[in-house]
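The listed protein sequences correspond, in order, to chains R and U. One rule links them: number in the working numbering = place in the first sequence (from 1) + 1198. One rule links them: number in the working numbering = place in the second sequence (from 1) + 8.
Where hints are given, some of them may not hold.
With a straight-line cut-off of 30 Å between C-alpha atoms, the simulated DSS-like cross-links for lysine-lysine are [what the hints assert, rightly or not]:
id, chain 1, residue 1, chain 2, residue 2
1, U, Lys78, R, Lys1259
2, R, Lys1218, R, Lys1609
3, R, Lys1259, U, Lys65
4, U, Lys107, R, Lys1259
It is worth saying that the hints were derived from the structure and are not from the lab. Since we're looking at a predicted model, the values are computed, not measured.
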Amino acid sequence: MSNRITEWIDQRFPLTSFVKHELTGYPTPRNLSYWWNFGFLAGFVLVLQVATGIFLAMHYKADIALSFDSVQHIMRDVNYGWLLRYMHSTGASAFFLVIFIHMARTLYYGSFRAPRELLWWTGQGLLLLLMATAFMGYLLPWGQMSFWGATVITNLFGATPFIGDQVVVWLRGDYTVGDATLTRFFALHYLFPFLIIGAVVVHLVALHTVKSSNPSGINLADKDNIPFHPYFTAKDFFGLGVFLIVYSVFVFFMPDSLIEPANNIPANPMQTPNHIVPEWYFLPFYAILRSVPNMVGGVVAMGLSVMMFAFMPFLDRSRISGGAHFRPIYRLQFYLFLLDMLVLGYVGYVPPTSQTMLIGQIATLCYFGSFFLVPFISRAEERWLIRRGLPQGIITLMESEAQDIEKRKLKQHLRKGDKHE
Amino acid sequence: MNSFLKIALLFCFSLQAWATEAPLENIRVATDVATVERGADALMDACHSCHSMKYIKYRDLLNFGMDQQKVESWRGDQPLDAPMLAQMSENDAVQAFGKAPPDLSLMTKARDAGASYVYSYLTGYYLTADGMPGNRVYPETKMPDSLGIIGVTDAAQRSEIQGKARDIVSFLAWAADPHDQERHRLGYYVLGYLFVLTFLLYLVKNQVWSRLNKSPTEQGAI
């Protein structure tokens, strides 16, 4: 029976061939480590956020007189409303955590290099969409931090040359953040996830064209590729279980640790909180914004700091495969960069003093410096590594890979020859 | 390594408190009905004339298991589904104190250090050098010393007032997060389920992967 149904569908829609091409026959390097789980996890969190968000929207009211109360209504009176809301607010943090690890893995293993530049750039686009969605969602509870965060960030668009003031009013729909801002942010916060889903499809199409990178950094021969299903579905589901445990600890036992206390006070345009801080995932970029004394400069620096990742395919000039795995200097640079992000995060969190300002400025210089130095360091490192001799393992792999490619080419050549005859 | 750092980062951000310079007394709130009910009683006496608890309805107190007679006496002729509004109107309060007293429903969540902050604030009144009442946690406060802790030197009496403050804070903590207990209870079930599920998924993964022969990449080349 099921055979007949599949047959019926297959005559009208390429179901079986799709499943074969993208899942049961999709070649995946068998040496992928658990760091390769995070793309799947990001997709899962996206679904989780959309699912909880739709139910929250059924009880939420986008009106400055009602929104704070409606969130409390969800938290107190709606059946399991507290669960939905905590899943959604924790989910935002989980999304960024997963995406940051996903990006760090790409940087560490050099997965952004040819032929995966477009894959990396669609990911960069997804990061921007995610940031915009999170920022707009943060206004919706209409707490003090929501209001002042949105005020500070929309103000930054005043740095646009010539039409800055008009852009700010256009974004807010009013001269200050108010009801018009709340309703449009709600509408867009509902729209953007669907744009993200579209962009994820593009990201996946790009992935399935160039296939996954792997820790060795070179394209493995066919014998080292295994079908995605069942091997990586099994591995991804195990990873999902581990992720859900961590996520549930936050949702059930410390959900408020991810919500600023000041956001439990209704928005009050007449009273600025002592200290305006963004959510943790924006802190490093916020620190860069504050480190530049001039506002326009700060906005440009912050924008660039997010966009710097897109330049990595051009900046990394080394031809040594395997990313940081076989490149000790690049590896050191990678860990220093992570450390710098932590320092920036800390500086973004504490109230600015002359001391933290100085640390922030040094860390900002290190941040951009580590990108600008990549072309020179990667070249020098490549020369040094080749002079010193590459590790035997990678040479063997590269040779066997080269042989396999040669064999495959020969085979194709012979086949073509057959056809011509 | 990387994820560990990020989680560590998350922790240091969430646990730090910046709001006040005065050292706070760390307390643990009680969650049992008796303490929370005593706290509600003390709050009705000392706070409710000026402060509202607008997200709490009298029915919520009954549902939590508080004594029906007590709740009846607090609500008077208001309906059960009425929110616990202050007895004084906001206008009168502004007239009297120069500032509207904040709603208390979310108070223990709305301050860094939460319950410990509110407790330290309530018990933080003292007599300044020029004989005026002051508060060491929130010096700009307009609220009078409603628990009457100023000038009390007798240790037993002091600890009685501190006990009262702790009851009030326990009630406020319940009011700020009435589903807290339910969330924890459900959390243990969810985590238990997930541990079993994840362990099974791990076995499935190993079972599936055992079908593969070892390849050169796994044999130590990398």
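Right, here's what the structure says about each hint:
Restraint check: the Cα-Cα separation between U/Lys78 and R/Lys1259 comes to about 35 Å, which exceeds 30 Å; the hinted pair is violated. Only pairs whose Cα atoms come within 30 Å are accepted, and R/Lys1218 paired with R/Lys1609 is accepted, the gap being roughly 24 Å. The straight-line distance between the Cα atoms of R/Lys1259 and U/Lys65 is roughly 21 Å, inside the 30 Å bound, and the hint therefore holds. For a cut-off of 30 Å, the pair hint linking U/Lys107 to R/Lys1259 stands: about 29 Å separates their Cα positions.
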